Amino acid sequence: MKEIAVVNGTVYDPLNGIDGQKLDIFIRDGKIVTSVGKKARTINASGKIVMPGGVDIHSHIAGSKVNSGRLLRPEDHRKDVELKTEHTYSGVGYSVPSTRTTGYRYAKMGYTTVFEPATPPLKTRHTHEELDSIPLIDKACFPLLGNNWLVMEYLREGRINECAAYVSWMLKATKGYAIKIVDPGGVEAWGWGRFLRGLDDPVANFDITPREIVRGLCKVNKILNLPHIIHVHTNNLGNPGNYRTTIETMDAVKDLWDGKRPIIHITHVQFTGFSGSSWLNLGSGAPEIADYVNKNHHVSVDLGQVIFGDTTTMTADGPFQYFLHKLSGNKWVNVDVEAETGSGVVPFHYKRSNYVNAVQWGIGLELALLVNDPWRVFMTTDHPNGGPFTSYPKVIAWLMSRKAREKTMSKINRTARRRLDLPTIDREYTLGEISTVTRAAPARSLGLANKGHLAVGADADVAIYDLDPSKTDLEKNPILLRRAFKEASFTLKGGDVVSKDGKIAGTSFGKTFYVESDVSPSLEADLVKEIESKFRDYYTIELDNYPISENFLRNPSKITCEADI
Amino acid sequence: MSKLILTLKRVIRNPVHLDLLSQDKLVGKKTTEISNAEVWEGNRRVRLKTLFNVEGNTSGNPNEVTLEIVGDLSKTRRIGFGMTAGTVHVKGAGGIYIGESMKGGTLLVEGDAGSWLGSNMKGGTIQVSGNTGDFVGAASRGTTRGMVGGSITIKGNAGSETGAWMHSGAIRISGNSEMFP
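Line order of the protein sequences matches chains W and X.
So for the first sequence, our numbering puts the first residue at 1; every next one is plus one.
So for the second sequence, our numbering puts the first residue at 1; every next one is plus one.
Bound conformation, chain X alone:
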């Protein structure tokens, strides 16, 4: 049971692409390697350590690794992109495209999530304690296959077009929802 904790150091002004932050890309890597990894912030490449305090490690069985991200991440994109195992725990608001093309594992968001949550999702579990934006479990633009498996649970409200082009899987919304597709 290893745990990697990333704590946001500063306010994010431009969109940051965090598709790196999924189990598969981090397991077995050294902490220094992770903190030196580059991500896009707007049109610049920045190192993870300039955005986050990185603590802990990701050694051991990938299924038991937990990745904890703390801070206001509403300006980020693609956390947990294509993840297949383990747990990603977002403490704070998540951004857009969380859990896109996710195949397995668990993704927890303690706060609100943006639009396109779990779009093109294939498996795994997503739980959001707050509200979400539009296009939960939808197909990305132009394609005809949205969510095909897994489950999404939203404690708060969801935006419009939830489950657009959805083929299979489950979406549970405890609050209100806007227009369905």
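The shape of chain W in the complex, shown without the other chains:
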């Protein structure tokens, strides 16, 4: 029996309405409890803040494209080398760190749960192998289904139940967590040399539009009662004027809303929030998107904030990566995953002096500051697309301190500064709101009942930061924020101290979550019979070799849901 008491800390637990009260947190056997015995280890958190362990909803940390990124970028390893210590292995990589280093760096920042948001189903075995070697944090992955041939065929034929059965089978086969849609139909169309310009452009050979794919999968998500909602990377990403497509995508599923929680998550919305008609008059579409999000409660977004500096962009959106490769002249990796999706990797350098990059930086922050409800906007950098996750402290400082924003703003491209709304926004996030956008809200959106809060029964994932809001005016001292959130004083994962003052103190491995939503046995039997022949037609591998068994995962943790069919 392992007991820990975290005493005298200032607690920020927004899910339970605790906003900066002095409270003691008690932990026994990896869970939060009401009290512990006298022999419990005591962690004195006086003068420090206590938050639930961070939850990252969207961070590319594992899988074949991440590994392609590593292969593509020896220079990225060269400039960031970590030596081995008592509890850690050595590792390399700034924007695409090696697997173990990824886990260590997240734990150091107080993050304990991270979701890999895009894995081609066919390559998920690799994703799980990498997730298994990431220590200290809990994780899961979202299989890509927005360009899947079978999904598109079912939806074209209007067979929504069969589509749901297929998605259910797919989640089981890949040990996935949620439905990820990337550039619905667009990647497939690009494979045939065509670009989709809008939601109603038909996909070549499939006679289906992106709108139908998004709506169909949204219905499927509802039928299967999955814990998360559809996770959408919209069409037209990275094109000037694409904020309209983003709003159209959100609007496409509006009538399906049942008035409860959101039903569509638009991810890294910064990359899809450009207004204007060309790169010359590019502007921020953030006010329009934020206005829509404020008025409509069926949608949530995450930022995909840009950090100035060198990074590696990687996405399943093959067409966009091709475009970026042509635009920047940088090296490029491109992969077509048979019958499922594509992907691309391009190194990229965001420059302050560059007009477009500076506007992008502004869009992310404007979105975060203009969306009123922090429960529907999550903080991410779309690691490593906007910047590496190690830059989160910077983003927190920008959100919490106008002074920090102004300092960066004084260094960016002048035209961009003039055209952005950001200088006129006064809002500063409170610590409670930061706790919401980095922990509580993503955990709630992912349907993780035991994460993102500190009530009795929750997982004992706790982050303690060396910050004293009663003594210092944090808004005036953004450097303190950056310093504190860079290295948590303590990170507790499942009741164990895994990081202390920026030094890793544990070697445990977290769980890998996956979702099973069983449809009726007869429906499943019919489905398997049907996809057997389709597999023979479309795939180069046998159906029997496709599913990943549970014992392939190091620490599997199944979440079961009741499907309606």
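Certain hints may be false.
[As the list claims (entries may be wrong)] Mimicking DSSO-like on lysine-lysine, the simulated pairs with C-alpha atoms at most 27 angstroms apart in a straight line are:
1. Lys84(W) x Lys75(X)
2. Lys79(W) x Lys75(X)
3. Lys91(X) x Lys79(W)
4. Lys411(W) x Lys122(X)
5. Lys331(W) x Lys122(X)
6. Lys75(X) x Lys29(X)
7. Lys84(W) x Lys49(X)
8. Lys351(W) x Lys75(X)
9. Lys84(W) x Lys25(X)
10. Lys122(X) x Lys351(W)
11. Lys79(W) x Lys3(X)
12. Lys79(W) x Lys155(X)
[What the hints assert, rightly or not] What follows is a set of in silico ranges between Cβ atoms, one per label pair, in the way DEER data are often shown:
13. Arg44(X) x Ser508(W): 25 to 35 angstroms
14. Asn176(X) x Ser508(W): 52 to 62 angstroms
15. Asn14(X) x Ser133(W): 23 to 33 angstroms
16. Arg44(X) x Asn44(W): 53 to 63 angstroms
17. Asp29(W) x Lys49(X): 20 to 30 angstroms
18. Thr415(W) x Gln127(X): 44 to 54 angstroms
19. Asn157(X) x Glu406(W): 40 to 50 angstroms
20. Asn555(W) x Arg44(X): 29 to 39 angstroms
21. Tyr322(W) x Lys49(X): 51 to 61 angstroms
[Unchecked claim] Take a look, some chain W residues computed to stay more than 12 angstroms from chain X by CB distance:
22. Leu15
23. Arg73
24. Glu75
Please keep in mind that the hints were generated in silico from the structure rather than gathered at the bench.
For clarity, every value in this text was computed on a predicted model and none was experimentally measured.
No residue lacks a Cβ here, since even glycine has one placed at the ideal position from N, Cα and C.
Following the hints, put chain X in place on chain W, whose structure we already have.
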């Protein structure tokens, strides 16, 4: 005009990282401090004094300090890494990555030098009296900017890929060269 002389005491078997041996990191330090500094030899940390006899001092104007390294240093890496001033004089064979990311000063090698001589070099002068390996003044793996300034003079022969991704500066080879990029 101060001079610090490091004389190799024993044969180096595993690669030694000597990026410490550039003017900027040694100027103004006491000799005992320098001889107690740690470097990587293979996977172990060793003190400089276990490898070298350290004599002389590095006091005074950094531009006038000379660092003399004597012995067979072909198993070493990164001598003169990022140096900005002064003179580094290698008497004997040098290792690989000599003068990597060098910005100024003079680097003399009396003997052969390994590969990656002056890679990512930005300024300063390198002179080699013997032969060199491959990738002289080249860009390090994956990057697209090699040598951008300074000059490299090689009395002997050079290996292949000399000046790969080179942007500016000068490389003079008196002997033969293998394939150019």
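Exercise for the section: Could you work out which earlier hints the structure fails to respect and list their numbers in ascending sequence? Expected result: Per hint list: 3, 8, 11, 12, 16, 17, 19, 23 and 24 violated.
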